[in-house]
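Protein chains in written order, with the working numbering: chain A, 1 to 289; chain B, 1 to 463; chain C, 1 to 334.
Simulated from the structure, these hints should not be mistaken for laboratory data.
Don't take every hint at face value.
To be verified - Cut-off 30 Å, straight-line C-alpha distance, at most; resulting in silico cross-link-like pairs (DSS-like, lysine-lysine): (1) C/Lys110 to B/Lys277; (2) B/Lys40 to C/Lys53; (3) A/Lys35 to A/Lys136; (4) C/Lys110 to B/Lys282; (5) C/Lys103 to A/Lys5; (6) A/Lys24 to A/Lys227; (7) B/Lys282 to C/Lys195; (8) B/Lys393 to B/Lys444; (9) C/Lys232 to A/Lys136; (10) B/Lys393 to B/Lys445; (11) B/Lys444 to B/Lys44; (12) C/Lys53 to B/Lys252; (13) B/Lys40 to C/Lys103.
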Amino acid sequence: MSLSKHLELTGVSIEFPTPKGPFKALDNVNLKIEKGEFVSLIGHSGCGKSTVLNIVAGLHKATTGGVVLEGKEVDEPGPERAVVFQNHSLLPWLSAYENVELAVKQVFKGQKSKAEMKAWIEHNLELVHMTHAMHKRPDEISGGMKQRVGIARALAMEPQVLLMDEPFGALDALTRAHLQDSLMEIQKDLNNTVIMITHDVDEAVLLSDRIVMMTNGPAATVGEILKVELPRPRDRIALADDPQYNHYRHQVLSFLYEKQRKVEDIGQHRSVKKSEEEAVELPKKRAHG
Amino acid sequence: MKTTLNRRSLCKKVVLATAVGLATLSASTAALAEIGYPEKEELKFGFIKLTDMAPLAIAYEKHYFEDEGLYVTLEAQANWKVLLDRVIDGQLDGAHMLAGQPLGATIGFGTKADIITAFSMDLNGNGITVSNDIWEQMKPNIPVGADGKPVHPIKADALKPVVDKYKAEGKPFNMGMVFPVSTHNYELRYWLAAGGIHPGYYAPEKGDISGQLQADALLSVTPPPQMPATMEAGTIYGYCVGEPWNQQAVFKGIGVPVITDYEIWKDNPEKVFGVSKEWADKYPNTHIRVVKAMIRAAKWLDENNNANRPEAVEILSRPTYVGADAEVIANSMTGTFEYEKGDKREVPDFNVFFRYNATYPYYSDAIWYLTQMRRWGQIAEQKPDSWYMDIAKKVYRPDIYALAAKELIADGVMDAADFPDFDSEDGFKAPQTQFIDGITYDGKKPNEYLEKFNIGLKGADKI
Amino acid sequence: MSSIRMTLAGVSSIAGVKSNDTMSSWLKRSARALGLPLLGLLVFLLIWQAGAKQIHTSLGEFPGPSQVYQQTLSLIADHNAERARETDFYERQEQRNAERIAKDPSYEPKIREYTGKPTFFDQIGTSLVTVLAGFFIAGLIAIPLGICIGLNGALYSALNPIIQLFKPVSPLAWLPLVTMVVSAVYVTPDPLFAKSFLTSLFTVSLCCLWPTLINTAVGVSAVSPDLQNVSKVLRLSWGTHVVKIVLPSSVPMIFTGLRLSLGIAWMVLIAAEMLAQNPGLGKFVWDEFQNGSSDSLGRIMVAVLVIGLIGFLLDRIMLLLQRAFSWDKNAITR
Numbered sequence: 001m002s003l004s005k006h007l008e009l010t011g012v013s014i015e016f017p018t019p020k021g022p023f024k025a026l027d028n029v030n031l032k033i034e035k036g037e038f039v040s041l042i043g044h045s046g047c048g049k050s051t052v053l054n055i056v057a058g059l060h061k062a063t064t065g066g067v068v069l070e071g072k073e074v075d076e077p078g079p080e081r082a083v084v085f086q087n088h089s090l091l092p093w094l095s096a097y098e099n100v101e102l103a104v105k106q107v108f109k110g111q112k113s114k115a116e117m118k119a120w121i122e123h124n125l126e127l128v129h130m131t132h133a134m135h136k137r138p139d140e141i142s143g144g145m146k147q148r149v150g151i152a153r154a155l156a157m158e159p160q161v162l163l164m165d166e167p168f169g170a171l172d173a174l175t176r177a178h179l180q181d182s183l184m185e186i187q188k189d190l191n192n193t194v195i196m197i198t199h200d201v202d203e204a205v206l207l208s209d210r211i212v213m214m215t216n217g218p219a220a221t222v223g224e225i226l227k228v229e230l231p232r233p234r235d236r237i238a239l240a241d242d243p244q245y246n247h248y249r250h251q252v253l254s255f256l257y258e259k260q261r262k263v264e265d266i267g268q269h270r271s272v273k274k275s276e277e278e279a280v281e282l283p284k285k286r287a288h289g
Numbered sequence: 001m002k003t004t005l006n007r008r009s010l011c012k013k014v015v016l017a018t019a020v021g022l023a024t025l026s027a028s029t030a031a032l033a034e035i036g037y038p039e040k041e042e043l044k045f046g047f048i049k050l051t052d053m054a055p056l057a058i059a060y061e062k063h064y065f066e067d068e069g070l071y072v073t074l075e076a077q078a079n080w081k082v083l084l085d086r087v088i089d090g091q092l093d094g095a096h097m098l099a100g101q102p103l104g105a106t107i108g109f110g111t112k113a114d115i116i117t118a119f120s121m122d123l124n125g126n127g128i129t130v131s132n133d134i135w136e137q138m139k140p141n142i143p144v145g146a147d148g149k150p151v152h153p154i155k156a157d158a159l160k161p162v163v164d165k166y167k168a169e170g171k172p173f174n175m176g177m178v179f180p181v182s183t184h185n186y187e188l189r190y191w192l193a194a195g196g197i198h199p200g201y202y203a204p205e206k207g208d209i210s211g212q213l214q215a216d217a218l219l220s221v222t223p224p225p226q227m228p229a230t231m232e233a234g235t236i237y238g239y240c241v242g243e244p245w246n247q248q249a250v251f252k253g254i255g256v257p258v259i260t261d262y263e264i265w266k267d268n269p270e271k272v273f274g275v276s277k278e279w280a281d282k283y284p285n286t287h288i289r290v291v292k293a294m295i296r297a298a299k300w301l302d303e304n305n306n307a308n309r310p311e312a313v314e315i316l317s318r319p320t321y322v323g324a325d326a327e328v329i330a331n332s333m334t335g336t337f338e339y340e341k342g343d344k345r346e347v348p349d350f351n352v353f354f355r356y357n358a359t360y361p362y363y364s365d366a367i368w369y370l371t372q373m374r375r376w377g378q379i380a381e382q383k384p385d386s387w388y389m390d391i392a393k394k395v396y397r398p399d400i401y402a403l404a405a406k407e408l409i410a411d412g413v414m415d416a417a418d419f420p421d422f423d424s425e426d427g428f429k430a431p432q433t434q435f436i437d438g439i440t441y442d443g444k445k446p447n448e449y450l451e452k453f454n455i456g457l458k459g460a461d462k463i
Numbered sequence: 001m002s003s004i005r006m007t008l009a010g011v012s013s014i015a016g017v018k019s020n021d022t023m024s025s026w027l028k029r030s031a032r033a034l035g036l037p038l039l040g041l042l043v044f045l046l047i048w049q050a051g052a053k054q055i056h057t058s059l060g061e062f063p064g065p066s067q068v069y070q071q072t073l074s075l076i077a078d079h080n081a082e083r084a085r086e087t088d089f090y091e092r093q094e095q096r097n098a099e100r101i102a103k104d105p106s107y108e109p110k111i112r113e114y115t116g117k118p119t120f121f122d123q124i125g126t127s128l129v130t131v132l133a134g135f136f137i138a139g140l141i142a143i144p145l146g147i148c149i150g151l152n153g154a155l156y157s158a159l160n161p162i163i164q165l166f167k168p169v170s171p172l173a174w175l176p177l178v179t180m181v182v183s184a185v186y187v188t189p190d191p192l193f194a195k196s197f198l199t200s201l202f203t204v205s206l207c208c209l210w211p212t213l214i215n216t217a218v219g220v221s222a223v224s225p226d227l228q229n230v231s232k233v234l235r236l237s238w239g240t241h242v243v244k245i246v247l248p249s250s251v252p253m254i255f256t257g258l259r260l261s262l263g264i265a266w267m268v269l270i271a272a273e274m275l276a277q278n279p280g281l282g283k284f285v286w287d288e289f290q291n292g293s294s295d296s297l298g299r300i301m302v303a304v305l306v307i308g309l310i311g312f313l314l315d316r317i318m319l320l321l322q323r324a325f326s327w328d329k330n331a332i333t334r
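Full structure from sequences and hints, please.
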């Protein structure tokens, strides 16, 4: 431990109490992430991806092991580890601008003047192309726009790590592609460290520097780590025919569908985080056997 | 100018005399001093929706209260208990009360409180009504006159066979009256007992305030305005109540009035105007002025041989006062009374407000109510005659009445002839004989009076 | 293709030319929105008029619409007559004051309130003031208490049995207790409020605060876990969390509770006024019932309709407020 990495998960295990006794969701997860690195977590439902993210966010506490960011142990949530939630989690009574403002006021209290704050909020909304609708409330804008605002809010905190929990999971394919492109642009400009959870193999390969593939739960852990060495900027159309790209894709798919085969219940696919824990308890059939 | 000076100096003298504590001025000298302005000008009086609240309505409508510098609000009350409680706790400055209420409160039957009265509101005005069904059963027992109509007064003897039949069948014979210490209760009991029907005893010492011990007819409390509806519902077979609730039964066709209280006891005292003693002590001028206004109202009601009664009927029929249809109220207020439908008879003194010194609070009236309380067990033990006298003097205040009357005479509004001779009046009416059972009542001898009844407690009797 | 059609439709409607198609659909919609309720009302009036004739009470026929209309006019006439009497009253009073000053120069004249009886319309006013005051007090207690309970699970568990116990208590049961307590506690020589007003007020408050209390508590405790996570990530202080996240998030539930409360308050008030003989519409109904005149039933029917109408209007007003202040538009139609 002489030279610590930017973000380090060491021997992270977590148990949840259930009526049937403690349930071990994660077992000995180890991961080292460089500054500015884009890491995807992929795995079947119930493999504890979200739990990993929540532990990094500080929303869950590891039973054993821990997370160290920039040499400092993570023991509570904080804006330096901003989270983009799966279902946007905007405050429905505030406009897009006000939602971002809430975060900015909290993080930069005493550091930025009023005018600076305003400029900063508008800048972040501009990054996600939301300037035109920034005074609209969440119920007046589309799902994709809401997610953009969610991203703007997270970015506006100037986080050291951006944690994204299936940020595009609930969006249609077209919107999703748009947002992925936006995210790549922003990432190029800001060079944030990003941990993103995804179900989508293409998304993982397209966006990531590394893909962390997780084994099935219970006691899920890191199965394989795939380094994606595609040159940036990446273009989705060009990559579609790229053998290297398809190779990476194949590797992820084979991990998911051969090494860690699991039959998912339809409808669990877009499940919210907490149901991942429940999903584990579903009877495991081998339909493809 | 000169007279003003005189009066001022006299006032000064009075003040001085009081201050020094030489309260030796005779009543007549004190009366010369003009009554001061009212201590309390805004007053709220309660009443129950009955025609005998008329003096209050008239004093208000004819501005007699305002003439005394009083700004009075009149408010109908739900029932006699609520009314009394509100006078006791001060929400009401005074109220139209059952004669028995100030007495009952003072001796502690029911809520204990010192209530006094200086004004008697009326004579007579009540009736006993039975349902159509009971009337049909009574009718064969009632003699028919030459005109083919039942001979009045109808005694309870005619009802007795009916009550006996119910008793033999094991069915309770229920009747309504308005309050345990109400005139109606005592009148109904008097009438029943005179006909040999036992109306039941109270035993407050033993916690029995139902008044149904040893009863042939079971009497229970129903607020006046609800009497007709309660009888219509079959809960009671008859009731004793003030107007217009007997005439209402005739109009609705649900019952037949059989007798008026005028026939049970001619010119019996009825409602009084009661205030709490505390209030009266605190606002003596106000009290006198209230009595003044109400004496004027009572006089107006009886003036010129009831000439103002039609106007009074119109006023009383307003929803804010009695609120019943004018023709129902007129039936009793204008000197007639309708018994069986169509059997309308002259009863000129059915409602007396002023003549026969109706407004004067006689001690003998108070004592009659006390004898009836004793008779039916509300007063559990024998009391000496002197006790009856003491209670009567404590509750009935002809002294205040006299001050008000003299003031009215001095103002030139009334004649001395309108009132009893205050110098000789001792507060006792001459022995009265006109009761339905022919028994004579002498207010000075209550214990002797009680001995005369067949049914009822007397001497040292106890329940 | 579709966008072109939309543009064309837009142009035509701007030009004020409604196509036959849109016109007929508009007519259909208006017929549904207005016609059906009107038809329902008409049928109701007919059935009422016909049915009323069949019911004979000892106070005459049950009042039909025409009698109700007559009594409405008579109540208005009564009201105007009373106002005229009021004017006379004040004139007389001024005259008397002047006379007294002439006699007694030290007298400071004062104008006393009119002592006449409240009319039907005065009673409506009294009831409205009472219900709003009672509702306001209920809100003042229920919302803060509901927030405390909602935020603190232990407090919720501790108070829940008490709330569940008192919630279903009828106003008629509270009334005697409230009356006695008000009489005992509110003793001042110069009362600002009438005791009867306070009795009605507290009875209303006691009965109507429960829906607001429970809904507020539920609203506060049921703040979505996602929003709570947002708050955690932002490291909002407890105070900021409550003000910025919890309260706005529970506003729809609070309003739903308030609306229920106001409905209950209005019903409770009428019952309380009837029972306690406290001024207001309930007393009007009771008085008319007691009067037993041939007009009484008609007047009671007028009061019944007015009570219904006011209840309806109060609910609509709450709905408008809810629309104005609540972010959750879905909650409103509930």
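Would the pair B/Lys393 and B/Lys444 pass a check requiring their Cα atoms to be no farther apart than 30 Å? With Cα atoms ~13 Å apart, B/Lys393 and B/Lys444 stay inside 30 Å; holds.
For a C-alpha distance cap of 30 Å, please report whether C/Lys103 and A/Lys5 respect it. Roughly 103 Å between the alpha carbons, so the hint for C/Lys103 and A/Lys5 is violated.
Restraint status (C-alpha distance of B/Lys40 to C/Lys103 at most 30 Å): Holds. B/Lys40 to C/Lys103 sits at ~19 Å (cutoff 30 Å).
Pair hint outcome, A/Lys35 versus A/Lys136 [Cα-Cα no greater than 30 Å]: violated, 35 Å
For B/Lys393 and B/Lys445, compute the direct alpha-carbon distance and say whether it is at most 30 Å. holds, 15 Å
Does B/Lys282 sit within 30 Å of C/Lys110, going by the straight-line distance between their CA atoms? Judged against 30 Å, a Cα distance of about 22 Å means the pair holds.
Taken at face value, is the distance from the CA of C/Lys195 to the CA of B/Lys282 at most 30 Å? holds, 22 Å
Sort out whether C/Lys53 lies within 30 Å of B/Lys40, counting only the CA atoms. At roughly 52 Å apart (the allowed maximum being 30 Å), C/Lys53 and B/Lys40 break the hint.
Agreement of C/Lys110 and B/Lys277 with the hint, judged by alpha carbon distance not exceeding 30 Å: holds, 28 Å
Next pair to validate is C/Lys53 with B/Lys252; report whether the Cα-Cα distance is within 30 Å. holds, 17 Å
Pair hint B/Lys444 and B/Lys44, alpha-carbon separation not exceeding 30 Å: violated, 36 Å
Given the hint that A/Lys24 pairs with A/Lys227, does the C-alpha gap stay at or below 30 Å? The hint holds at about 28 Å.
Hint compliance for this structure: hints 2, 3, 5 and 11 are broken, all remaining hints hold.
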